[in-house]
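With the sequences and hints as input, model every part of the structure.
Quick note, the sequences are listed as chains D and S, same order.
Counting from -2, one number per residue, gives the positions in the first sequence under this note's numbering.
Counting from 785, one number per residue, gives the positions in the second sequence under this note's numbering.
Hints in this document: simulated from the structure, not taken from any laboratory.
Incorrect hints may appear among the rest.
Claimed, not checked - One side only, chain D facing chain S, incomplete, derived with CB under 8 Å:
1) A13
2) L15
3) D16
4) I22
5) L29
6) D31
7) Y35
8) V60
9) L65
10) P84
11) H89
12) Q94
13) E99
Just so it is clear, CB atoms sit at the ideal spot from N, CA and C, and this is done for glycine as well.
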Amino acid sequence: MQNVSQHDVTHLAKLARLDVSEEDIKRYAGQLSDVVAYVEALKDVNVADGKAALRTRPVDSIVAADQLRGEADQWSVLPEDILAGAPLAENHYFVVQSVLSEE
Amino acid sequence: MMRPLNQLTLEEAAARLARGDITSVELTEACLQAIRQIDSKINSFVAVFPESALEEARASDDRRKAGTTLGILDGIPYNLKDVYATKGRVTTASSRMLSAWISPYDATVYRRLSDAGAVLLGKTNTDEFTMGSSTETSYQGVTRNPWNTERVAGGSSGGPTASVAAHLSIFSVATDTGGSIRQPAAFCGVTGLRPTYGRISRFGEIAMASSLDQTGPVTKTVRDAAIVLSILAGKDPLDATSADVPLGEYLKACEKLSGDRPLQGMRGGVIREYFGEGVRPDVEAQVRTAITTMEKLGMEFEEISLPAVAHALAIYYIIAPAEVSSNMARYDGIHYGYSVESDPSKKPEDLYAVYAESRAAGFGAEVQRRIMLGTHVLSSGYHDAYYRQAEEARIAVTEEFAEAFTRFDVLVGPVSPHPAFAVGEKVQDPLAMYKEDILTVALNIGGIAGMSVPCGYTDGLPVGLQLMSGAFQEENILKAGSAYQQVTDYHMQLPTLLTTATV
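Right under this line is the structure:
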């Protein structure tokens, strides 16, 4: 019995925004099933409930002062430099296909 | 015959630069020459920067003449695992997704090394987005082991470790999320330190699993590792997860102590679950011999059982993919990186297609597998059974280690159940590849520090000894490791590639 079926992989691929081919779906289902079978062992381990919430080391969120950073500020990255990496850019905007449909 | 300059350790090179015996240009040229002659056989570098490296070396020599040397790293040639953002240059993570990505900013790790005057020779190979244990998932081809080129260098930091083993650089800086510094260091016979999570900034380091990633030095000796750690460690305002913990005196911890029992008073724990079934007898034998050597140096060992640690691999392969699935979501074919919008032959019909087709083409199979595995364990209906359970179990591992370190200064064991395996041997079996991490992941899960040092050979391949310390107690493993290297010379042996290579 497969832990992760081909139907599951199709669902996961959609959630993960991955256009996986039919051939790959089959292969991934087998491989992911093997891994899930292995990590399943953890289900039977007795763990104290709720402690995970206490685990995190307190981390202070760093908040910057509400002021413009100069170009000389070493933390600054210029918009031009960021957009230079974009596949499609125009006038300081990233260009995307329409997000909202007409329906 | 004089030892070639690229074979010097960091300390030796720094001393000779300080005395004026050699120049940084000579040292850098020696490394560049070695890269030209040897790297085609191991494929450790993905990018080499000869012009800028020599410029940096000249600037270092000028500073030395002017009496404004920046410190011990000034003029020392090194390389970076290709996961650190270097402004104006390509950083690829050995992926198709970022194969042409020019970073608009510098990683803190890179900036600290530049500010210290170190000379960047180039970028080295990794498994794609650091996911793997053999550097075989790299978009740039596998990195081969300088001790036997039919074998893998290990992963994900195969490039860094193979390049240092082959003396193509004086040191390297790499990352370890589940063993990615320690395992390839063991396979290649070099020293690989993975400090405590939060010790070194992750700003500008391409994220794989945000609660597990950590930078560490790959060096020829433990003392060299201590030097690099001193430069890289410290709180960074650009990384909220970097720890506000004072630096240790890392090089001082490596001080050559007088007498033949320099480790007197140190308590060592031998992890029971790291020996016996599942570890090859020849590997176990080398590690036990190393333990005996440290006993002769004065360390007292006892066996300790860590049952929670036995679950660490299952915990890791739930938590790590979960975090991967989140971190990989930024690669969307819109903001940067590979996109089907840049391919005139492809016409994505809508926004979803831009995401899905860019990601499917831009990511290799292993990355896709981990994204889907992570998505699975986080998805509704499975989240509690897998992810939450793993997070709870992670606490048990953390507590078990914390308790152990109240009774021991250092824990020891092998790094890997076997030496380097053959290229191609495990690529068809993802689960078998995941099990390569079985002795390394507990450290990442448990939030402690660890290091691999060479401790012998089997079948002509290096074996690594793993030393672990409690959180932010790296001085303990540096002390034990450097004392061990004072009475052994495994870390000084030249790999087969260099002893049989014709110049």
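Status of each hint after checking the structure:
| no. | hint | verdict |
| --- | --- | --- |
| 1 | A13 | 5 Å, holds |
| 2 | L15 | 5 Å, holds |
| 3 | D16 | 4 Å, holds |
| 4 | I22 | 10 Å, violated |
| 5 | L29 | 6 Å, holds |
| 6 | D31 | 5 Å, holds |
| 7 | Y35 | 6 Å, holds |
| 8 | V60 | 10 Å, violated |
| 9 | L65 | 18 Å, violated |
| 10 | P84 | 4 Å, holds |
| 11 | H89 | 13 Å, violated |
| 12 | Q94 | 4 Å, holds |
| 13 | E99 | 12 Å, violated |
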